[in-house]
Amino acid sequence: MKWSKARFSELFRVKHGYAFKSEFFDTEGPYVLLTPGSFHEEGGFRERGEKTKFYSGDVPDGYILEEGDLLVAMTEQGPGLLGSSAWIPESNLYLHNQRLGRIVDVDEQRLDRRFLYYLFNTRGVRQQISGSASGTKVRHTAPERIGRVEVNLPSLGAQRVIAATLTAYDELMENNRRRMGLLEESARLLYQEWFVRLRFPGHERICCINGGPEGWKKRTLADVCKNLEDGDWIESKDQGGVDYRLLQISNVGMNTFVETENYRFISEETFRRINCREVTPGDLLISRMPTPIGRAWLVTPMPWKMVTAVDVAILTADDEVADRYFLLYHLNSQSSIEHCERRAVGATRPRIARRELAQIPVLLPPKRLQREFREIVQTMNEQRTNLYFQNQKLRAARDLLLPRLMSGEIAV
Numbered sequence: 002m003k004w005s006k007a008r009f010s011e012l013f014r015v016k017h018g019y020a021f022k023s024e025f026f027d028t029e030g031p032y033v034l035l036t037p038g039s040f041h042e043e044g045g046f047r048e049r050g051e052k053t054k055f056y057s058g059d060v061p062d063g064y065i066l067e068e069g070d071l072l073v074a075m076t077e078q079g080p081g082l083l084g085s086s087a088w089i090p091e092s093n094l095y096l097h098n099q100r101l102g103r104i105v106d107v108d109e110q111r112l113d114r115r116f117l118y119y120l121f122n123t124r125g126v127r128q129q130i131s132g133s134a135s136g137t138k139v140r141h142t143a144p145e146r147i148g149r150v151e152v153n154l155p156s157l158g159a160q161r162v163i164a165a166t167l168t169a170y171d172e173l174m175e176n177n178r179r180r181m182g183l184l185e186e187s188a189r190l191l192y193q194e195w196f197v198r199l200r201f202p203g204h205e206r207i208c209c210i211n212g213g214p215e216g217w218k219k220r221t222l223a224d225v226c227k228n229l230e231d232g233d234w235i236e237s238k239d240q241g242g243v244d245y246r247l248l249q250i251s252n253v254g255m256n257t258f259v260e261t262e263n264y265r266f267i268s269e270e271t272f273r274r275i276n277c278r279e280v281t282p283g284d285l286l287i288s289r290m291p292t293p294i295g296r297a298w299l300v301t302p303m304p305w306k307m308v309t310a311v312d313v314a315i316l317t318a319d320d321e322v323a324d325r326y327f328l329l330y331h332l333n334s335q336s337s338i339e340h341c342e343r344r345a346v347g348a349t350r351p352r353i354a355r356r357e358l359a360q361i362p363v364l365l366p367p368k369r370l371q372r373e374f375r376e377i378v379q380t381m382n383e384q385r386t387n388l389y390f391q392n393q394k395l396r397a398a399r400d401l402l403l404p405r406l407m408s409g410e411i412a413v
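In the working numbering, the protein residues as written are 2 to 413.
Don't take every hint at face value.
[To be verified] The calculated PhoX-like cross-link candidates involving lysine-lysine, where the alpha carbons are at most 20 Å apart (straight line), are: (1) Lys218 to Lys368; (2) Lys368 to Lys227; (3) Lys368 to Lys219; (4) Lys52 to Lys22; (5) Lys54 to Lys22.
[What the hints assert, rightly or not] Now the in silico label distances, taken between C-beta atoms and shown as ranges: (6) Ser57 to Glu410: 48 to 58 Å; (7) Lys22 to Glu205: 55 to 65 Å; (8) Glu67 to Glu151: 28 to 38 Å; (9) Gly81 to Ala169: 17 to 27 Å; (10) Thr137 to Lys3: 37 to 47 Å; (11) Gly136 to Arg350: 21 to 31 Å; (12) Tyr264 to Gly50: 15 to 25 Å; (13) Gly203 to Arg180: 29 to 39 Å; (14) Ala169 to Val243: 32 to 42 Å; (15) Thr166 to Arg350: 36 to 46 Å.
No lab work stands behind these hints: they were computed from the structure. Backbone N, C-alpha and C define an ideal beta-carbon position, used for all residues, glycine too.
From just these sequences and the hints, can you work out the full model?
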């Protein structure tokens, strides 16, 4: 197969984003303000969750993005982000912010846009972008510097075959992510139906006494768990090694592990020296900050041994009193999150104290009903875990294929 050299400046143009006014940044609004943090290191769009920035001001023409727009990160907001690319998933929602470049005027006779997306995520292109970047603490690139990147291109037909092969992996992973979201939503709705609206099986035959169904008990979180403790105080000087991954508050989502790619580890020696508490599957991790404060993740088997930071509380369930799956969805319920956010203190970075977490009200249903709930949602959670690990394997296979396909090592 014949490959030809080309410069990016011959193939497309990079359009700068707009410097939106900070006085219109908000926690909600009609538009989402993208940053380099909206990109995965290996490429791809990342939802920011509670870190999402919204914009409520006027937007100049040409800076509201459309579904299918291709962007490249021009500031290394985090390690490895410089030069990563992402597709915009939805029209009329996301803003083309400064520090992001939009790919426009692509020469479609020479370059396939999907192939270009994967080109940006190859080591050779990233190294060229990084090598020409400026700045010491935070590195930046610019459209003209990206334009100087040199690449080898196969024929347009071969580009399309390569892009289709890699896209198949990405689409499988996205389909799995959607299935995971649907499973979690189904479990959350079941919790609401049974334990918030009180339409549990047999509710027609149960009388309400003192604000709750007969046989249900008013308790606090401290009453219904074996233990509630803080994570470990692990300073930067204590970090290093490969034995235990240090989980941060940003890794704890609403019953999900959030992979931030901010990998921190400690050694076995450090673990023993400062008497850390190992996090194990079945523990409930509760984030004491930031919003949504009090969100919880039921720990699943992961590829590493784990510890967690001091701003994450570790709950050990007593399944004979309150089932861990019931507690999980109770902690992530609207009433529990609102309780935590009302009791958080701090002007700039509000957090809730562990003693306040311990006082979260729990309307405890009979054990039989908890078991019925667990039988349903545990299966859903296990399916989600399986899909998560399927995606890990798919990602590894794609990452192995990508450099070989893009270099011609594997012929198409």
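Hint numbers the structure violates, sorted upward? none
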